[in-house]
Amino acid sequence: MEYWQKELETISRENLEKFQLEKLQQTIRQAANSPFYKQRFKESGITPSDIRSLEDLKNIPFTTKEDLRNSYPYGMAAIPLRKCVRIHSSSGTTGNPTVVLHSAKDLDQWANQVARCMYMVGLRDTDIFQNTSGYGMFTGGLGFQYGAERLGALTVPAAAGNTKRQIKFIKDFGTTCLHIIPSYATRLAEVMYEMGIDPRKDTKLHTVCIGAEPHSEEQRRRIEELLGVKAYNCFGMSEMNGPGVAFECPEQNGLHIWEDYTIVEIIDPVTLQPVPDGQVGELVLTTINREAMPLLRYRTRDLTCILPGDCPCGRTHKRLARFKGRSDDMIILKGVNLFPIQIEKILMNFKELGSNYLITLETVGNSDEMFIDVELSELFTDDYSVLQRLTKEITRQLKDELLLTPRLKLVAKGSLPTQDGKAVRVKDLRKTI
Amino acid sequence: MTIYQISIFLENKYGKLSEILSILTQENIRIIAATVADTSEYGILRIIVNEPQKAFQLLKDNNISANISDVVAIQTDPTTEDFARTLTLLTKAGISIEYMYCFSVKEKAILILKTNNWDATRDVIRRENIRCINEGELVNL
Chain A
1 MEYWQKELET
11 ISRENLEKFQ
21 LEKLQQTIRQ
31 AANSPFYKQR
41 FKESGITPSD
51 IRSLEDLKNI
61 PFTTKEDLRN
71 SYPYGMAAIP
81 LRKCVRIHSS
91 SGTTGNPTVV
101 LHSAKDLDQW
111 ANQVARCMYM
121 VGLRDTDIFQ
131 NTSGYGMFTG
141 GLGFQYGAER
151 LGALTVPAAA
161 GNTKRQIKFI
171 KDFGTTCLHI
181 IPSYATRLAE
191 VMYEMGIDPR
201 KDTKLHTVCI
211 GAEPHSEEQR
221 RRIEELLGVK
231 AYNCFGMSEM
241 NGPGVAFECP
251 EQNGLHIWED
261 YTIVEIIDPV
271 TLQPVPDGQV
281 GELVLTTINR
291 EAMPLLRYRT
301 RDLTCILPGD
311 CPCGRTHKRL
321 ARFKGRSDDM
331 IILKGVNLFP
341 IQIEKILMNF
351 KELGSNYLIT
361 LETVGNSDEM
371 FIDVELSELF
381 TDDYSVLQRL
391 TKEITRQLKD
401 ELLLTPRLKL
411 VAKGSLPTQD
421 GKAVRVKDLR
431 KTI
Chain B
1001 MTIYQISIFL
1011 ENKYGKLSEI
1021 LSILTQENIR
1031 IIAATVADTS
1041 EYGILRIIVN
1051 EPQKAFQLLK
1061 DNNISANISD
1071 VVAIQTDPTT
1081 EDFARTLTLL
1091 TKAGISIEYM
1101 YCFSVKEKAI
1111 LILKTNNWDA
1121 TRDVIRRENI
1131 RCINEGELVN
1141 L
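Going down the list, the sequences are from chains A and B. Each residue of the first sequence is one higher than the one before, counting from 1 in the working numbering. Each residue of the second sequence is one higher than the one before, counting from 1001 in the working numbering.
Fair warning: there could be bad hints in the mix.
Claimed, not checked - Dumping the calculated BS3-like pairs for lysine-lysine here, alpha-carbon to alpha-carbon at most 30 Å: (1) LYS1016/B x LYS413/A; (2) LYS204/A x LYS1060/B; (3) LYS1013/B x LYS413/A; (4) LYS1013/B x LYS392/A; (5) LYS1108/B x LYS409/A; (6) LYS201/A x LYS1054/B; (7) LYS345/A x LYS1054/B; (8) LYS409/A x LYS345/A; (9) LYS171/A x LYS1016/B; (10) LYS413/A x LYS1114/B; (11) LYS1013/B x LYS399/A; (12) LYS345/A x LYS201/A; (13) LYS392/A x LYS1092/B; (14) LYS1114/B x LYS168/A; (15) LYS427/A x LYS1013/B; (16) LYS1108/B x LYS201/A; (17) LYS345/A x LYS1114/B; (18) LYS1054/B x LYS164/A; (19) LYS1016/B x LYS409/A; (20) LYS1108/B x LYS168/A; (21) LYS1108/B x LYS1054/B; (22) LYS427/A x LYS1114/B; (23) LYS1016/B x LYS351/A; (24) LYS409/A x LYS1114/B; (25) LYS1054/B x LYS351/A; (26) LYS392/A x LYS1016/B; (27) LYS1054/B x LYS392/A; (28) LYS1054/B x LYS171/A; (29) LYS164/A x LYS1016/B; (30) LYS351/A x LYS1092/B; (31) LYS1114/B x LYS351/A; (32) LYS1060/B x LYS351/A; (33) LYS413/A x LYS1060/B; (34) LYS1108/B x LYS413/A; (35) LYS1060/B x LYS164/A; (36) LYS1060/B x LYS409/A.
Said to hold, decoys possible - What follows is a list of derived Cβ distance ranges for each label pair: (37) THR1025/B x SER377/A: 22 to 28 Å; (38) TYR193/A x ASN1050/B: 24 to 30 Å; (39) LYS351/A x LYS1092/B: 57 to 63 Å; (40) VAL1036/B x LYS334/A: 49 to 55 Å.
In case anyone wonders, no lab produced these hints; they're calculated from the structure. Just so you know, these numbers come straight off a predicted model, no measurement behind them. Yeah, the Cβ is synthetic: ideal placement off N, Cα and C, and Gly gets one too.
Extracted from the complex, chain A is given alone in its bound form (with noise of 0.2 Å):
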């Protein structure tokens, strides 16, 4: 086994944790020179001093996304604006935008953070990297770009878009790794095998690191097999600097969380209380390896729990289970909770479907019931009672799934709403919320 950095990689439990205690009251002492931290701390009655243990980081208040956007923009700075090179922000929707600033030497630990994954997935200085996602404020693309360039690779910034043109470059360049949401993967395999290419045959690529948007397994596999490459998930937030926070090894079974980066807890939403290792839960983070905007105990909404037990890849680093989705994606339905991920699941075993899909809930009457729109990949048939007869099964095969009976609609290719390139998943019309 090769590692980009085996002691830090492999480093023993014991070993880790004084090194995470040492970082984290000095991240701690950071953070208090930040407008915001010195009114949490104040407020809670805590100095740095007090933290003495990783046990004491409990006795911390969390920081949740609200704080970030109250602070908009520069009320989490713990270094003077002269020392930052950099902000990158979430795209946020509604209010202000999430800001996170960064230091040189930030950036260039973070630019390590993104190889060592890389490395991890087996990528080297001989591999020609391109990446899919958009340049800009959004962390994905230069976070990739610095990560792809430390660890050697020629890399290709072909940014967002223009499905055509990136077939080009992944032609003409000889390009062996994408990094690429799942959801456009699928949709530059579908283009390929329009044009008559065949990635599997007709391209070097070998691995894709996918991540932004969730997935089930099934995606994965489905767009393993139709580029013939190893996909890889991988997981990042702007607020956790971005792409390389955490990902697979090539056992394909959990996804390292890099804890020389960050304090990983798993807490129950509702009590918020931590939750033992196996056991979901919304995931906290808290930078340890950060100086111009620290983050202490970090809410991230995204659900997922610590596999419990050593990976075989000799990488001590715990690992995250797929997420399980958001702790505000969850939908209630008729009393029954559920994630659009498992509705996802079902979709993708059938071939005829394409990989898009909407879910509506709305209200009907005194009832709330879920819409769900499919795309069809081709026209297989010229006889309209198949089509019937496939969403009747689709339908029956969700409802043992969901335990309630969504209206399925086919819908023709092309025809759903993606937004900034993502798609739309989940629209919620209800009166009753």
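We have chain A; now place chain B onto it with these hints.
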């Protein structure tokens, strides 16, 4: 004895049908026959055109879900008797009709048929000397 038919997935949305038809007519595709089978949410538009392969490609290029298939095209006299006689022959052979539509060109009636058993249909057509048309004849009608 068969000709190409193009089937198109059609959402029940205002203007969809004319949108699809104008994609074809703008490229000078001649639509010889068209029929829509519908349910409450979507329909299937079936068309017979003078250049089926070109039309199919055009639809794909426009990201429209379409299918191309073979259908039997029987030529009958435009009389009810002749029409009924042909169907009776098929029925006697135990063949069911899945769908059917007809159109006329000049003095000739063309019957488009999809049956549940292609082999049996072909046997009846041969045995009974039923007049079918092929792609070339269709365009020159």
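Structure-based check of all given hints:
Between LYS1016/B and LYS413/A, the direct Cα distance comes to roughly 13 Å. Compliance with the 30 Å bound is thereby established for this hinted pair. This hinted pair checks out: LYS204/A and LYS1060/B have alpha carbons roughly 27 Å apart, not beyond 30 Å. Our distance criterion of 30 Å between C-alpha atoms is met by LYS1013/B and LYS413/A, whose separation comes to about 14 Å. Using a Cα cut-off of 30 Å, the hinted pair LYS1013/B and LYS392/A holds, with the two alpha carbons roughly 22 Å apart.
At most 30 Å may separate the alpha-carbon atoms for a hinted pair to count; LYS1108/B and LYS409/A exceed this at roughly 40 Å. Proposed proximity of LYS201/A and LYS1054/B is supported: the alpha carbons are some 28 Å apart, at most 30 Å. Pair hint LYS345/A plus LYS1054/B does not hold up; C-alpha atoms about 37 Å apart against a cutoff of 30 Å. Restraint check: the Cα-Cα separation between LYS409/A and LYS345/A comes to about 17 Å, which is no more than 30 Å; the hinted pair holds.
With a C-alpha separation of about 36 Å, the suggested pair LYS171/A and LYS1016/B falls outside the 30 Å cut-off, and the hint is violated. Between the alpha carbons of LYS413/A and LYS1114/B the distance comes to roughly 26 Å, so the proposed pair stays at or under 30 Å and holds. For the given pair, LYS1013/B sits about 27 Å from LYS399/A by alpha-carbon distance, which is consistent with the 30 Å threshold. A distance of roughly 28 Å separates the Cα atoms of LYS345/A and LYS201/A; the hinted pair therefore holds under the 30 Å criterion.
For the given pair, LYS392/A sits about 33 Å from LYS1092/B by alpha-carbon distance, which is inconsistent with the 30 Å threshold. The straight-line distance between the Cα atoms of LYS1114/B and LYS168/A is roughly 42 Å, outside the 30 Å bound, and the hint therefore fails. For the hint linking LYS427/A to LYS1013/B, the alpha-carbon distance of about 20 Å falls within 30 Å, and the restraint holds. For the suggested pair LYS1108/B and LYS201/A, the alpha carbons sit about 51 Å apart, so the restraint of at most 30 Å is broken.
As the CA atoms of LYS345/A and LYS1114/B are separated by approximately 35 Å, the hinted pair breaks the 30 Å bound. Distance restraint check for LYS1054/B and LYS164/A: the Cα-Cα separation of roughly 22 Å lies within the 30 Å cut-off, and the hinted pair is therefore satisfied. Proximity of LYS1016/B to LYS409/A is assessed by CA-CA distance (about 17 Å); at most 30 Å being required, the pair is judged to hold. Among the hinted pairs, LYS1108/B with LYS168/A is inconsistent with the structure: their alpha-carbon atoms are about 51 Å apart, more than 30 Å.
For the suggested pair LYS1108/B and LYS1054/B, the alpha carbons sit about 26 Å apart, so the restraint of at most 30 Å is met. For the proposed pair LYS427/A and LYS1114/B, the alpha carbon gap of about 41 Å is over 30 Å, so the pair is violated. For the proposed pair LYS1016/B and LYS351/A, the alpha carbon gap of about 25 Å is at most 30 Å, so the pair holds. Our distance criterion of 30 Å between C-alpha atoms is met by LYS409/A and LYS1114/B, whose separation comes to about 26 Å.
With a C-alpha separation of about 26 Å, the suggested pair LYS1054/B and LYS351/A falls inside the 30 Å cut-off, and the hint holds. About 25 Å separates the Cα atoms of LYS392/A and LYS1016/B, which keeps this hinted pair within 30 Å; it holds. A hinted pair counts as satisfied when its Cα atoms are at most 30 Å apart, and LYS1054/B with LYS392/A does not qualify at roughly 34 Å. A threshold of 30 Å between alpha carbons decides the hint, and for LYS1054/B with LYS171/A the separation of about 27 Å falls inside it, so the pair holds.
Among the hinted pairs, LYS164/A with LYS1016/B is consistent with the structure: their alpha-carbon atoms are about 26 Å apart, no more than 30 Å. Between the alpha carbons of LYS351/A and LYS1092/B the distance comes to roughly 38 Å, so the proposed pair goes past 30 Å and is violated. For the hint linking LYS1114/B to LYS351/A, the alpha-carbon distance of about 25 Å falls within 30 Å, and the restraint holds. Under the criterion of a C-alpha separation no larger than 30 Å, the hint pairing LYS1060/B with LYS351/A is consistent with the structure, at around 18 Å.
A threshold of 30 Å between alpha carbons decides the hint, and for LYS413/A with LYS1060/B the separation of about 10 Å falls inside it, so the pair holds. For the suggested pair LYS1108/B and LYS413/A, the alpha carbons sit about 38 Å apart, so the restraint of at most 30 Å is broken. The suggested pairing of LYS1060/B with LYS164/A holds, with an alpha-carbon distance near 15 Å, which does not exceed 30 Å. Of the pairs offered as hints, the one joining LYS1060/B and LYS409/A holds, with about 22 Å between alpha carbons and a cut-off of 30 Å not exceeded.
A hinted range of 22 to 28 Å for the beta carbons of THR1025/B and SER377/A is consistent with their spacing of about 26 Å. Checked against the given bound of 24 to 30 Å, the beta carbons of TYR193/A and ASN1050/B, roughly 28 Å apart, stay inside it. At roughly 39 Å, the beta-carbon separation of LYS351/A and LYS1092/B lies outside the given 57 to 63 Å, and the hint is violated. Hint check: VAL1036/B to LYS334/A, Cβ distance near 36 Å, so the stated range 49 to 55 Å is violated.
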